[in-house]
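Number of protein chains: 2
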Amino acid sequence: MAVYTDVEADDLNKFLADYALGDLLSYKGIAEGVENSNFLVRTTSGHYILTLYEKRVAAGDVPFFLGLMEHLAARGVICPQPVKSRNGETLRSLCGRPAAIVTFLNGLWIRRPDARHCAAVGEALAKMHLAGADFAGKRKNALSVGGWRPLYVQAGDRADSVQPGLRDAIASELDHLEKNWPRDLPEGVIHADLFPDNVFFLGQKLSGLIDFYFACTDALAYDVAICLNAWCFEPDHSYNVTKGRELLAAYMRTRPLSAAELDAIPLLARGSALRFLLTRLVDWLNVPAGALVQPKNPLEYFRKLRFHQAIGNVRDYGALPERAGA
Amino acid sequence: MAVYTDVEADDLNKFLADYALGDLLSYKGIAEGVENSNFLVRTTSGHYILTLYEKRVAAGDVPFFLGLMEHLAARGVICPQPVKSRNGETLRSLCGRPAAIVTFLNGLWIRRPDARHCAAVGEALAKMHLAGADFAGKRKNALSVGGWRPLYVQAGDRADSVQPGLRDAIASELDHLEKNWPRDLPEGVIHADLFPDNVFFLGQKLSGLIDFYFACTDALAYDVAICLNAWCFEPDHSYNVTKGRELLAAYMRTRPLSAAELDAIPLLARGSALRFLLTRLVDWLNVPAGALVQPKNPLEYFRKLRFHQAIGNVRDYGALPERAGA
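Residue numbers (the numbering used here), protein chains in the order written: chain Z, 1 to 326; chain S, 1 to 326.
Looking at chain Z on its own, in the form it has when it is part of the complex (with noise of 0.2 Å):
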């Protein structure tokens, strides 16, 4: 949660100039987003969001970040709408940084969910990659195993000052994650970041999906592993089972998973849990002084691998038995 860019009232009013949607009333710094500065703007025609990219989001790729938020809005996965210019822009520029404006969505984040918070998710993640498969963009997931290894280098000679041990186990699970990775599942675009804080609700409804700014393209099924990881485990690092079945059950009656997406779903929980141990770690060891981010403790996800190290098959996760590719 960061405001790393502070933009002036002239800069924004002349950089709203360009757009149709009136005089400008306010606009606050929200502490959301660990990638991007998010200003929440209201203006004489409603609220939208403003997101200044910084230097973690490559420009090149925003392009497909909005052109996907876009797609999807149009098939009914209710994100938000990035906000076109007068003449038809949704990527400019603002304060040296790639900027766009887009629509404020209604509805609160859920901090501890409960199995229908989860089964709500499963359907809206299997709808959006229904909706995804005709996107035309693509993008590469730079944190899939590919991207693994890097960040080891980057992290691992200080890893066991978090935890002694933790820089063998490491090097341990990549390497068999390297060697076990599955390469055929059916792929689309993925969000990759589907943690609670980037899915509304208003009451018991899902009421959206935000942040798609780790989306990319890669097996279906990993995204569902990252909801695994991100939704169906207790505070004390227990896993619900009750959770995982709503969530897969859920995610299932929308688009059923193939024997061989089922099959590979504990070794994509073991990877979702090293990628976000990985990119954790070397936030934590490189805080920089007077940051303006709380960096999120590694060893949560550590906790969630050994689990996953030692699930034998995806009914340990709570899929049911006559959809589980028997």
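Honestly, the hints are just simulated from the structure, not real lab data.
Please note that the accuracy of each hint is not assured.
As the list claims (entries may be wrong) - Okay, derived cross-link-like pairs now, EDC-like style, lysine to aspartate or glutamate, Cα gap no bigger than 16 Å in a straight line:
#1 Lys55/S to Asp283/S
#2 Lys296/S to Asp6/Z
#3 Lys296/Z to Glu187/Z
#4 Lys205/S to Asp61/Z
#5 Lys205/Z to Asp61/S
#6 Lys296/S to Glu35/S
#7 Lys140/Z to Asp61/Z
#8 Lys138/Z to Asp197/Z
#9 Lys296/Z to Asp283/Z
#10 Lys55/Z to Glu35/Z
#11 Lys205/S to Asp114/S
#12 Lys140/S to Glu89/S
#13 Lys138/S to Asp61/S
#14 Lys127/Z to Glu187/Z
#15 Lys205/S to Asp283/Z
#16 Lys138/Z to Glu70/Z
#17 Lys296/Z to Asp6/S
#18 Lys205/Z to Asp10/S
With chain Z held as given, fit chain S onto it using these hints.
Structure of chain S alone, referenced to chain Z:
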């Protein structure tokens, strides 16, 4: 800028059930206020700011702040209005902290104020002083001259790590101010923190004042001196006498300063510079690891203090001769 306390959706829904504000549609932590946690809350009835008072704000002081905002708003000062719960309370509790909801004010804060903004602030400050004249609440200024030595004791030992010689310079200024601080100037409610980020504009028109959480009972002219420090220096730390003249003249058109007040302004400006130097120094030297707050550079106020030490007469700030108590 910080959100210290996160709020769960369930807890906020329960909290809001005691107000007649309709259903919760969204809430976002905003990057404003260094002392409190602030959320922009949207309900079916409108927009509000929810503030959780963190430990640096004494819970016993909150009724003073909320009462002052109600008092000022009733007298035409545009400022956030505390919202009452169904049983008439403005100060309640959320997440174990004192908490209040106030109305949302439209407006932008000006990052690079010009002389017209300074005039608008001078006028608004004088109007606030007049509107506060019959406010019954009293609150000692904990950050006036009596509060500076404890800060010096806390930070003095390490002051030279920020700039060599800083410790001695502060010590000698503190001695001077303790001996010469004026005690008989007209007192009343002062804002005490009317920096640009606490003053909203829509176009060139001042649209409201916010953040009354340093407000207290003190010399009114001290508030003027704080504004000279906060509004009339350029980014290169030079003093802009045109801005000072506009601010002072506009203030005096609404509330003339007495000869004694004008004579005291150079000393009050030194005191105000030392106050912000000391609080920033303490913050600078005590940034916790992983802090969400980016501390402000204390040396900005050391340079302002040096400027004020060389001032002989309030005319040097831009006070017009015929008004300068001559």
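- Task: Output the numbers, in ascending order, of every earlier hint that fails for this structure.
- Result: 3, 4, 5, 8, 12, 15
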